[in-house]
Every structure is written in C-alpha cells, then in structure tokens.
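Engineer: Make a model of the complete structure from these sequences and hints.
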Amino acid sequence: MTTASPAAAKTKRQPSIFSRRFRRSTPGKVGAIIVAIFVLLAILAPILKPYDASSDRNYRLNLKPPSIAALWDKEVAEEYRDPVTGQVNPWSHPFGTDNLGRDVLTRVWHGTAISLKVGVVSTILALVIGTLVGVLAGYFGGWFDSITGYLSDVMLAFPSILLAIGFASIFSSDNPPLLISAINKLFVLGSPQLVTAMLAVSLVQIPVYMRLSRAVVLGLREREFVQASGALGATQIRTVFKHVLPNSLSPLIVQGALSIATATIEVAALGFLGIGAQPPLPEWGTMISDSRQYYVDSPWTMIFPGLAIFLTVLGFNLLGDGLRDVLDPRSTQ
Amino acid sequence: MGSYLIRRILRTLLVMIGISLLVFVFVRSIPGDPATAMLGERATPQAVKNLRTQLGLDKPWFFNPANPLDAQYPKYVAALAKGDLGSGIKSNIPVRDELGSRFPATAELSLAALFFALVIGLPAGILAALRRNSVWDNLATTISLVGVSMPVFWLGLLLSYFFAVKLGWLPPSARLGNESTLEPLTGFYVLDGLLRGKPAEAWDALRHLILPAIALGSIPLAIIARITRSSLLDVLGQDYVRTARAKGLSQRTITLKHALRNALLPVVTVIGLQAGALLGGAVLTETIFSWPGIGSWVYEAISQRDYPIIQGGVIFAALVVSVTNLLVDLSYASLDPRIQYR
Numbered sequence: 001m002t003t004a005s006p007a008a009a010k011t012k013r014q015p016s017i018f019s020r021r022f023r024r025s026t027p028g029k030v031g032a033i034i035v036a037i038f039v040l041l042a043i044l045a046p047i048l049k050p051y052d053a054s055s056d057r058n059y060r061l062n063l064k065p066p067s068i069a070a071l072w073d074k075e076v077a078e079e080y081r082d083p084v085t086g087q088v089n090p091w092s093h094p095f096g097t098d099n100l101g102r103d104v105l106t107r108v109w110h111g112t113a114i115s116l117k118v119g120v121v122s123t124i125l126a127l128v129i130g131t132l133v134g135v136l137a138g139y140f141g142g143w144f145d146s147i148t149g150y151l152s153d154v155m156l157a158f159p160s161i162l163l164a165i166g167f168a169s170i171f172s173s174d175n176p177p178l179l180i181s182a183i184n185k186l187f188v189l190g191s192p193q194l195v196t197a198m199l200a201v202s203l204v205q206i207p208v209y210m211r212l213s214r215a216v217v218l219g220l221r222e223r224e225f226v227q228a229s230g231a232l233g234a235t236q237i238r239t240v241f242k243h244v245l246p247n248s249l250s251p252l253i254v255q256g257a258l259s260i261a262t263a264t265i266e267v268a269a270l271g272f273l274g275i276g277a278q279p280p281l282p283e284w285g286t287m288i289s290d291s292r293q294y295y296v297d298s299p300w301t302m303i304f305p306g307l308a309i310f311l312t313v314l315g316f317n318l319l320g321d322g323l324r325d326v327l328d329p330r331s332t333q
Numbered sequence: 001m002g003s004y005l006i007r008r009i010l011r012t013l014l015v016m017i018g019i020s021l022l023v024f025v026f027v028r029s030i031p032g033d034p035a036t037a038m039l040g041e042r043a044t045p046q047a048v049k050n051l052r053t054q055l056g057l058d059k060p061w062f063f064n065p066a067n068p069l070d071a072q073y074p075k076y077v078a079a080l081a082k083g084d085l086g087s088g089i090k091s092n093i094p095v096r097d098e099l100g101s102r103f104p105a106t107a108e109l110s111l112a113a114l115f116f117a118l119v120i121g122l123p124a125g126i127l128a129a130l131r132r133n134s135v136w137d138n139l140a141t142t143i144s145l146v147g148v149s150m151p152v153f154w155l156g157l158l159l160s161y162f163f164a165v166k167l168g169w170l171p172p173s174a175r176l177g178n179e180s181t182l183e184p185l186t187g188f189y190v191l192d193g194l195l196r197g198k199p200a201e202a203w204d205a206l207r208h209l210i211l212p213a214i215a216l217g218s219i220p221l222a223i224i225a226r227i228t229r230s231s232l233l234d235v236l237g238q239d240y241v242r243t244a245r246a247k248g249l250s251q252r253t254i255t256l257k258h259a260l261r262n263a264l265l266p267v268v269t270v271i272g273l274q275a276g277a278l279l280g281g282a283v284l285t286e287t288i289f290s291w292p293g294i295g296s297w298v299y300e301a302i303s304q305r306d307y308p309i310i311q312g313g314v315i316f317a318a319l320v321v322s323v324t325n326l327l328v329d330l331s332y333a334s335l336d337p338r339i340q341y342r
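In order, the protein sequence lines correspond to chains A and B. Letter by letter, the first sequence follows residues 1 to 333 of our numbering. Letter by letter, the second sequence follows residues 1 to 342 of our numbering.
Honestly, the hints are just simulated from the structure, not real lab data. All values reported here derive from a predicted model rather than from experimental measurement. Take the hints with a grain of salt, since some may be wrong.
[What the hints assert, rightly or not] Quick look at which bits of chain A chain B covers, simulated, 3 or more residues with Cβ under 8 Å: (1) 147-154; (2) 268-276; (3) 283-296.
All C-beta atoms, glycine included, are put in the ideal place defined by N, C-alpha and C.
Structural biologist: Written as structure tokens, this is what we have:
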C-alpha cells in the first residue's frame, strides 16, 4: 500500500486541474449533465421498462394523445378513463401512442441506447482512422500526404448527407456483407441497415479528422521535444505514438464530442429518409419518418422523438464547447 | 495571380476527376444488375444480355487491352464531359433535362434560406460581439446553439405543424397554390410573378417559400452568427482598432468602417462552405415541404433505387460545391488586398 500512495497522488493532480476548469464552464456542465442523463436512461431502459419492438402494439389505443394532458384537459381524461373502474391514470401513456397503439415514451426511451451507441461508435471509428492517417501524413509528408490530402478534398466536395446516402444505398441489400453483420452483432443494434448508416456517417467524418490531426502535427513536428526524441535515438514510430500523438489529442477530443452531435443528427436523418434503421426498431429518425402520415392530427408522434434528438445533440454540443474551454482555451473567444 | 488561378483551377479539375471516379465505382458496386433492374425480373437472359451490350456493361471497367479507350470509365467520363448523365430508369427522361428543370426550385429555396440566415445571423453576431456578455450576447449564443442542434427535418415538421396546420398562416407544401396560373419564365417563381406583372402570384410564391427557407436556413444562420461574433471580437481586439478609438472616432464609425470589413473575411468563407450544407439539407427540407427541386427528386430516386438519378444528383451537388469553393477562394483578393496570390 505504501508504494501505491505516491502514484495515486500523482494521478490525482491531473484530473483536479481538468475538473476545476471544467466546473467553471457553464456550457460544459450543462452538457455533461444532459449527456449523463441520457446515458443513464439508456442503461436503465431494459431494466425498468423491458420492451419488445415487434410484439408491442395495441390497436384499441392507437394515436391517443399524451395521457399527461388528462391532468388539465377533460377530453383527454375521457379518452383514458377506464371503463370498469372509472379511474383516469395520467401516467399510462405520458407521450401518447402511435399508429399501432405503441407507447411513444417507451419507444423514445429505448431509442436512446440506439442513438448513443450509433453516435459514439461512428465517431470513434472516424476519429481513430482519420487521426491515424492524418498524423502519419502530417509527420512524414511526401507522397502519402499528397494522396490523403487529395482524397479528403474529394470527399469533402460531397455534401456529407449525400455521400452517406450513396454509401448506405450500396450496402443496404438483404444480404449484408460479413463485416456489417459482425458489427451489428457486436453492438446489438438489431438492424444491418442501421450499421450501414452508421458506417456511412463515420466515413463522411474521416476527412475532418485527417485534416485536423494533420494540422496539429505540422505544428508539433518542429517543436524541440519532438526533435529531442529523435536526437535521443527514438524510432520514428515511437516518436509519433509516444510524443506527437498524445500532444495532439486535445483538439481531437473536442472535435469528437461535437462529432457525436453531428453523427446523431445524420444517422437520424438517414433513418428519416428510410435508408437507416428500419421499423419496428425504435430509432428516433425512423419514428419521425413514420409519423409523417399522422402528425397533422397526432403531432406527439413527431414532437417527442425529435425533442429527444434535439436534447441529445444539444448535450454533446455543449459538452464539446465545455471541453474546448478546458482543453483548448486559446481557441475560444 | 495568374499562376495561382491556373493552379487553383487545375486542383478543382483534379478533384472533379476524383469525384467522377468515386461515383463511378460507387454506382458499379451497388448490388444487382442495372440491365435486370431496367427490364424487370421476368426478362429473358438474351434480352438482358442484349441490353448489357447496348449499355456497354460487358466492357471492362477501366482498361481494355485491345483498345484503351473502349472501357466503361473512359466512355463514362466522355459522356459526363458532354453533360450526358443518362436517363432515369423509371421515367426514361434524361437526367440532365430533369436537373435543369428542377435546379431553379432548389436554387430559389437555397438563396432564400441563405438570405434568411444572413438577415438574422449577421446582425445577431455583430450585436453579440459589440455587447459582449450582455443579454443580447447570450441570446445570440443560445440561438446559434439551438440552430446547430436542431435536426432540419424535425424543425421542418414543427414549422409546418404550427404555422400551416394549427395557425393556417402559411401553406404547408408545394411552390404555388392549386389555382395558380403562373407561367414559369426564369424558374424563380417569386421573380416570375413580378416579371409577369402579377404581384398576387409573386406573393403566393413567397408565402410558399417562407417555411422551407426558415427550416433550411437554420443551420447556416447558427454558423454565420457564431463566426461573425468570434471574428468581430478578434478584430475589435487588434491594435488598429485601438488607434482608431484613440483618434476619437465614434464606435459606429469604428465598427462599420474599420472592424466589420476585416471581420467579414471568415464569414465569407463560411457562407461559401454552406453551399454543400444547403444542398444536403435540401434533400430533407424539400421532402418535407413537397418542394419540386433536386433534393426531393433524389429522395424519390433513393426509395425507387433509380441509380442514374442518384448518380446525377450527387455529381451535380459535388460540382456545385467545388465551384463555390473555387469562387470563394478567388474572391478573397478583392475583400482583403493584403492577400497576394502566388
């Protein structure tokens, strides 16, 4: 135990600077709280309210307004009055029901895990691939830099959603390639089309990380400590991964949080266009797409899934702003 | 300037070749045979084979050892250079003609969205920078945060629900009312109404334009407000602004004559970059508001797996983005004489 204490003291100092700065950043705090709530909701969903997307339906109760409105709206109270006991339970379907009589709250709640998984996984994939390529291109330069720079120029010329559409429409066949079904199994997403959409969104983000990490590495490459590492006999690979990469992580982490926000919106947009998650999966974009036929009379089928997307994205955007305040203070005004 | 111009244009051309290559490989990687898709599942093998020959699908992709130019990619690029994008599988109308007739609708919508974004975003950003940490600053920051976090398709549905369905102030879809007799001239219906001397028709077209333009303009608005604020704050902290203040110039003169001009350079860049975001957002916005532009057309093509249309739409969008980026780069010199092209 005695040998462990100095090491513990050393690791303690690092997070304390981070958390002190982070606590001063209001957007960061609000964002962290929103994200934490959604993560908690996603974890608790299968425990508190088990859900089977395919069997859950009740045609007797289709397109009913939010039951919570029964508290102040007599008409809604009548709709939810139990014919036997005459009692009204305002919490039976707080967000209303959709065209198949499914509880919108339960579906939105269970959509949380899907959206978080998809947003985080697609961002991590793009971050790892893009950063690796960008760091190597920035550090070594030469033909590798020229080719990857040209590739990112070409990819950035496509409006990202169109590139994602193109990619998703290639692989959205009935027999998904092995890789896609493997990812589908690994993250328990339950829809190969959703995996395709996720990979498409990830692919579109890769050039962003290539450019960002390349720019950071170009600035670092000529710094003394990097030169010193070379002078002390470190191999180039060691220099890149031990000295250059750890020092270029801050802007990448900030961009990562903002990317999760973008990825969440784009995957939902693909779902809305019908090339992401497929019904009956309770994915938010797909739910809004379904609601297009009913929202004129039953707006709650569209309002609540959209609100969930908005709040998740807002949370990650705020978190990204907060992280920027902490990790990269010079770039904020 | 001359050599820079040539290099910059060459780079754009190179990127366009890359785009054509990427789209070529994409379309050919789509599962299923186009000839079978065109003839239907019950076509005879002979008919499919004949159509494949007719379409040139039996040729190698990139290189034919017997005759280097007799391969799919060279022929495809040659057709592209002539503006030939093939025809839709279902409609059999040339993609180029349909693009041409639908482009004005998308252009009108995008310009209206950009106009909306500028009219709100620029003043909001300027006000936020001038009154830093005030209520206005917080308001502008909140607006821009909400703008980037709002899914365009959800905002579109919300707008259409509240302003069209609930309040009935504005029409929920299409470009003109049912009983409209407007004959297109330029394809920009608001302008056409005025040119034809029918202000009532122009007003009708404008009323149809408002909701989709707000939905599509929300993200550019947020980004423009944010960049204007940070860029103006940056400029206001520079020495020459302090000198101007020391000379006794009014804040108004300093802002309008000295600071704003320099602060707008990053804003112009960002506006240029919005071309892609607007075209991408148009797919969603046009779908929601049944706007007969390129976006809703590509959306329909996706659901019907009509690949020549998807291919044409994507290539066209990438082309517009590349050309806009080129124009933005070239416009720097007139905005900022310090920039020298070498």
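Engineer: Each of the hints needs a verdict: does it hold here or not?
Structural biologist: Okay, the hints, checked on the actual structure:
{"no.": "1", "hint": "147-154", "in the structure": "holds (count 4)"}
{"no.": "2", "hint": "268-276", "in the structure": "holds (count 6)"}
{"no.": "3", "hint": "283-296", "in the structure": "holds (count 6)"}
When each numbered hint is compared with the structure, no violation occurs for any of them.
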